[in-house]
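Model the placement of chain Z on the given structure of chain H, informed by the hints.
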Amino acid sequence: MDNGKLQIVAILGALVLLLVVLEMVRRRRLMERYALLWMLSAVVILGLAVWKDALNVLAKALGVASPPNALFFIAVAFILLLLLHFSAAMSRMADQSKVLAQRQAILEERLRRFEAEHAEAPPARPAGRAAADDEPRTLARSSSR
Amino acid sequence: MQTPLTDQSSCLAVVPAYNEAAMVGRVINALHREAPSVDVVVVDDGSTDQTALRAQEAGARVLRLPFNLGIGGAVQAGFKYAQENDYDYMVQVDADGQHDPSQISLLFEAMHNEGVDMICGSRFASPTGYVAPISRRTGIHIFAFLLSRLLRQSVTDPTSGFRLCNRRAIAVFARDYPHDYPEVEAVLMLHHHRLTMREIPVRMYERGGGVSSIGSGKSAYYMVKVLLALFVGLARARPVPEPGEAAPVTAEAGI
Chain H
1 MDNGKLQIVA ILGALVLLLV VLEMVRRRRL MERYALLWML SAVVILGLAV
51 WKDALNVLAK ALGVASPPNA LFFIAVAFIL LLLLHFSAAM SRMADQSKVL
101 AQRQAILEER LRRFEAEHAE APPARPAGRA AADDEPRTLA RSSSR
Chain Z
1 MQTPLTDQSS CLAVVPAYNE AAMVGRVINA LHREAPSVDV VVVDDGSTDQ
51 TALRAQEAGA RVLRLPFNLG IGGAVQAGFK YAQENDYDYM VQVDADGQHD
101 PSQISLLFEA MHNEGVDMIC GSRFASPTGY VAPISRRTGI HIFAFLLSRL
151 LRQSVTDPTS GFRLCNRRAI AVFARDYPHD YPEVEAVLML HHHRLTMREI
201 PVRMYERGGG VSSIGSGKSA YYMVKVLLAL FVGLARARPV PEPGEAAPVT
251 AEAGI
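From first to last, the protein sequence lines are chains H and Z. For the first sequence, the working numbering begins at 1 and goes up steadily by one. For the second sequence, the working numbering begins at 1 and goes up steadily by one.
Just chain H, same shape as in the assembly (with noise of 0.2 Å):
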């Protein structure tokens, strides 16, 4: 009876797994390309749950003597995987976060050279005080709506 009971827990288990993931990417705290991973797992993990003898089969096809083996065998592969899967992510987001930041450096120097050159030239307008004061407001007001 007792293995009945680690059932239901591995099987409540997995199911709380897949519907924080779901959760997760309900709320877009979790982009779906990751969440795929996630949820995959949890499948793995209810399908062992609900059927009890397949890990027995899995571990005869693999040739382990022990089947708590084969699980801990298959959990390492697949967690070493899912690392690779986040080193490669992080790789090309540290790429990504390069080319934004040499854009960023270059536009700046280009907006700052720009600025320079357009202080030097006399104001158009004078009276521009006005119309600078004015713009603003009314930029403020349409967004505000």
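Think of the hints as simulated: they come from the structure by calculation, not from any bench. All residues carry an ideal CB built from backbone N, CA and C; glycine is no exception. Be aware that one or more of the hints could be misleading.
Taking CB as the label site, the calculated pair distances span [unchecked claim]:
#1 R167/Z x S91/H: 27 to 37 Å
#2 S91/H x N113/Z: 35 to 45 Å
#3 L71/H x L150/Z: 40 to 50 Å
#4 L12/H x I142/Z: 53 to 63 Å
#5 I142/Z x V44/H: 41 to 51 Å
#6 H118/H x H112/Z: 34 to 44 Å
#7 F72/H x S154/Z: 49 to 59 Å
#8 I142/Z x N56/H: 49 to 59 Å
#9 A220/Z x L82/H: 23 to 33 Å
#10 A235/Z x F86/H: 22 to 32 Å
#11 K5/H x L228/Z: 48 to 58 Å
#12 D88/Z x S91/H: 27 to 37 Å
#13 E206/Z x L107/H: 35 to 45 Å
#14 A88/H x S9/Z: 34 to 44 Å
Only part of the chain H face toward chain Z is listed, based on derived beta-carbon distances under 10 Å [as the list claims (entries may be wrong)]:
#15 S97
#16 K98
#17 A101
#18 Q102
#19 A105
#20 I106
#21 E108
#22 E109
#23 R113
Just chain Z, lined up with the frame of chain H:
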């Protein structure tokens, strides 16, 4: 001294600087004095000191990276800047005063005489009296040996950052430049793109101030990393994506 720069050609000096407030002004002044036709842009690689301010005061343009990218990212920003502002040549000069701006004309002379895409100033191409720390020298000689075999030409100082690139080399490096310790791998990349490089002997000074990007303790790590980059670079079928291929930086997940 004869200046081979014609009126039509323009040259940008890129000075990557990370916490070099003490030296960067002097380097810029030397550049203005010794190579007046060369525009100077300092790439401030997320310095925490007054590097950007000192550079601006000395009359250089400054690219301020929002955070520290490392030497590769900083120099690549310079390549991108050179490409976007339509420069014919780009010369890299270190901010620590190691490189002598009066020798830029030697680089130009060599580029015009040899007709190659990149000229590297080498400390070892002839006896110049420069002695690098033993830990670094070993690495440099190993890289030099490997690159000489791979390129089938003599490469004596592949870690030298004192380099002059023409438009074709600028275009290659603006698109793709190695990350952490880029000089060695950059030579190999250039070769993969069927561009050419030559070395000329230059003299270099001891560092004027600041801390080198390569500490002696990091030398072993540096060597292993560059060796990995070299061998992986060799195995890469096409080191840089051709037009129309998948972008090197994409939002799509890999594995």
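Any hints this thing doesn't respect? Which numbers, in order? none
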